[in-house]
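End of the sequence shown sits at 80 in our numbering; the numbers just go up one at a time, nothing left out.
Please note: incorrect hints may appear among the correct ones.
Below, computed lysine to any residue pairings styled on SDA-like, alpha-carbon distance capped at 25 Å [as the list claims (entries may be wrong)]:
| id | residue 1 | residue 2 |
| --- | --- | --- |
| 1 | K9 | V80 |
| 2 | K9 | A19 |
| 3 | K9 | A27 |
| 4 | K9 | W54 |
| 5 | K9 | F78 |
| 6 | K9 | G24 |
| 7 | K9 | F61 |
| 8 | K9 | G20 |
Rather than coming from a laboratory, the hints here were simulated on the basis of the structure.
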Amino acid sequence: MSPELIKMGAYIGAGLAGIGSGVSAIGVGIVAGNYLAGALRNPSAAAGQLTWMFVGMAFAEALGIFSFLVAILLMFVV
3 MSPELIKMGA
13 YIGAGLAGIG
23 SGVSAIGVGI
33 VAGNYLAGAL
43 RNPSAAAGQL
53 TWMFVGMAFA
63 EALGIFSFLV
73 AILLMFVV
């Protein structure tokens, strides 16, 4: 394979992996929105659910960080 073709594939893969960062932002928004909806329905349980909201946000954000790292590796290493 030619080096240009390999580089083109790496850039396309990096662009597709970069989409994961945007998708993780949507996931964080969904987690926060669902927490707010639950807290407004039952304010007495809101304090107990706050920890789980942060855990869910951390998992969603971790996927974004991993996809960002894959994109950077594809762009500059491959």
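Against the structure, the hints:
no.: 1; hint: K9 - V80; result: holds (7 Å)
no.: 2; hint: K9 - A19; result: holds (15 Å)
no.: 3; hint: K9 - A27; result: violated (28 Å)
no.: 4; hint: K9 - W54; result: violated (42 Å)
no.: 5; hint: K9 - F78; result: holds (10 Å)
no.: 6; hint: K9 - G24; result: holds (24 Å)
no.: 7; hint: K9 - F61; result: violated (31 Å)
no.: 8; hint: K9 - G20; result: holds (16 Å)
Violated hints, in rising order: 3, 4 and 7; the structure is consistent with all others.
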